[in-house]
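Student: Sequence:
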Amino acid sequence: MKLLRLILVCSLLPAAAVAQETPAPTPSPSPAPRRFRVGGELKAHFRHSAFEEVKDLFPFPGFFLPPGQTEVFERTASKGSSLEVSTVNLIGEGDFTPDISARLEVHFLDVYNRNPTTSDDRIAVREAWLRFGRKYESLELAPKTTFYAEIGKAPRFSKQRLRRLESYGLWSTAVGRFEELQLELGGSAGKNVYWRAAVANGNPLFFRDPNALAGDNGTPERTPQPTPRPISGTRPIIESGFPILYDSKANDFSLNGKFQLGAGLGYRAKDEKDTQALDVLGWYFHRDLADAVAIRGSFYLGDLMLLRGVLFPLPFSGHNKSEYGINVEARRGEGRLFAQFVHQDIAKLVRRGFEIEVAWQFALNGLFASGDTSVINWIQPVVRFSNIGNKFEAPADYPAPSVAFDWRKYDLGVRVGIVRGLDFTAEYSRHDMIVPPKLHPDELLLTFRAAF
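Going by this note's numbering, 424 is the number at position 424 of the sequence shown; the sequence numbering is gapless.
Be careful, since some hints might not be right.
[Claimed, not checked] Calculated lysine-lysine pairs in the DSS-like style (CA-CA distance at most 30 Å, straight line):
| hint | residue 1 | residue 2 |
| --- | --- | --- |
| 1 | Lys-258 | Lys-348 |
| 2 | Lys-159 | Lys-144 |
| 3 | Lys-438 | Lys-55 |
| 4 | Lys-55 | Lys-273 |
| 5 | Lys-55 | Lys-79 |
| 6 | Lys-79 | Lys-191 |
| 7 | Lys-191 | Lys-159 |
| 8 | Lys-348 | Lys-438 |
| 9 | Lys-348 | Lys-159 |
| 10 | Lys-159 | Lys-258 |
| 11 | Lys-270 | Lys-144 |
| 12 | Lys-348 | Lys-391 |
| 13 | Lys-273 | Lys-159 |
| 14 | Lys-273 | Lys-191 |
| 15 | Lys-159 | Lys-270 |
| 16 | Lys-438 | Lys-79 |
| 17 | Lys-391 | Lys-438 |
| 18 | Lys-191 | Lys-144 |
Simulated from the structure, these hints should not be mistaken for lab results.
The task is simple: from the sequences and hints, build the whole structure.
Tutor: Here it is in structure tokens:
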């Protein structure tokens with residue numbers, strides 16, 4: 001019996017020794033930040049557009065006339081009510097290192113950005129860029145002197161990056177609405193002063209309606225034919241709208257070396273408690289207009305050819321296209337302000353004006369619950385005013401007389417955060433389009449946005 005006890009004790013000694021030598025398990029490290037992220041976005045809308053029309057005095061040939069008409073009008077692009085899925089977006093982001101990042105954003109359908117609405121591309125690469133260094137956006141102070149370089153298709157540095165409504169103001173439509181093929185350099189001199197510089201291909205000058213739909217101008221069914229079509233020809237799917245001059249989508253081809261140069265200098269500051277901040281940016285862009293630029297889906301040509309029109313040109317002179325302006329962004333508590341003043345010279349066609357947007361976000365902390373998720377978490381009222389004053393007049397027979405109309409636009413909306421990644425926006429746009437008389441092509445837009 002004693003021998004059996006001795007054997008049992010000797011057999012347990014190695015196991016006890018091993019137990020004493022084995023270190024205690026270390027806690028699992030926190031998961032590393034995701035270096036690569038893929039997401040999506042879907043937008044569905046109810047839209048109601050008020051009907052207005054302005055007679056176009058250009059002597060269009062008979063085969064341009066819609067069936068049953070003897071005159072041509074600029075009209076609301078798509079009057080009445082409609083349910084629409086405007087866009088489905090795929091977004092990819094990558095952080096190769098803390099100082100090297102990239103982004104790709106592809107839009108499918110993109111109905112509210114297509115121009116012409118019915119014949120432009122259904123798939124568009126909106127952003128595709130590679131960045132070296134850290135870029136600090138508006139109201140974001142750099143911790144020290146910094147530098148970055150960004151190359152690819154990216155927004156202008158003067159563009160309002162955080163849009164709180166689905167619609168655009170007049171100047172956010174007219175200048176820098178779309179991304180540009182560019183090389184952008186920038187950085188900060190200490191925490192407060194920052195600078196920007198850019199060389200870009202320069203997006204073609206074209207025109208579109210400032211409401212949701214750009215309208216149809218120069219679409220296939222309106223293309224000039226060798227022999228006039230009978231008056232019973234095809235009716236346009238979408239009307240022309242009331243186009244204003246604007247920077248259209250980037251052209252993937254060279255504009256004959258007519259590059260756009262841009263520069264900006266800004267100042268940022270915030271209080272110690274980070275409850276309020278201010279960002280002021282002055283900026284300038286310049287390029288020479290090309291003689292003509294092809295526009296996808298339209299037989300109309302952009303840049304100088306657009307200004308020449310047919311037989312009755314706008315009173316332009318030279319090739320210069322330049323704009324300068326000042327952006328002011330401010331934050332105080334949950335309040336937000338964005339304001340922009342713009343002066344633009346398009347071959348001696350001068351226009352200027354401003355855009356101002358005020359928003360305030362109220363936390364609701366969930367009005368009710370769905371399972372473990374709180375629903376209706378915040379609400380953000382938004383008010384925006386924008387205006388364009390043209391310092392030139394268009395000939396009565398210019399094909400798109402609305403490009404010279406003075407314009408005021410009032411936007412009133414509210415955005416509601418339903419759950420994470422799902423929000424709803426209701427907004428109404430009131431237009432004062434000075435023809436004269438004053439017309440009101442107003443629009444109501446209700447939007448559900450889901451992000452994944």
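Student: Would you mind confirming whether the straight-line C-alpha gap from Lys-258 to Lys-348 stays at or under 30 Å?
Tutor: holds (18 Å)
Student: Going straight from one Cα to the other, do Lys-191 and Lys-144 come out at no more than 30 Å?
Tutor: Holds, at roughly 5 Å.
Student: Can you confirm whether the C-alpha distance between Lys-348 and Lys-391 stays at or below 30 Å?
Tutor: Roughly 9 Å separates the two Cα atoms, so the pair holds.
Student: Given the hinted pair Lys-159 and Lys-258, is their alpha-carbon gap at most 30 Å?
Tutor: holds (22 Å)
Student: Would you mind confirming whether the straight-line C-alpha gap from Lys-55 to Lys-273 stays at or under 30 Å?
Tutor: violated (57 Å)
Student: Within 30 Å, alpha carbon to alpha carbon, are Lys-273 and Lys-191?
Tutor: Between Lys-273 and Lys-191 the Cα gap is close to 16 Å, so the pair holds against 30 Å.
Student: Under the criterion that the straight-line Cα-Cα distance not exceed 30 Å, is the pair Lys-391, Lys-438 satisfied?
Tutor: holds (18 Å)
Student: Does Lys-159 lie within 30 Å of Lys-191 when you go C-alpha to C-alpha?
Tutor: Holds, at about 21 Å.
Student: Holds or violated: are the alpha carbons of Lys-438 and Lys-55 at most 30 Å from each other?
Tutor: Satisfied, since the Cα-Cα distance of roughly 14 Å is no more than 30 Å.
Student: Keeping to a limit of 30 Å between CA atoms, is the pair of Lys-55 and Lys-79 held or broken?
Tutor: holds (17 Å)
Student: Verify the proposed pairing of Lys-270 with Lys-144, using a straight-line Cα cut of 30 Å.
Tutor: holds (15 Å)
Student: For the pair we were handed, Lys-348 and Lys-438, check the Cα-Cα distance against 30 Å.
Tutor: Satisfied, since the Cα-Cα distance of roughly 26 Å is no more than 30 Å.
Hint compliance for this structure: hints 4 and 6 are broken, all remaining hints hold.
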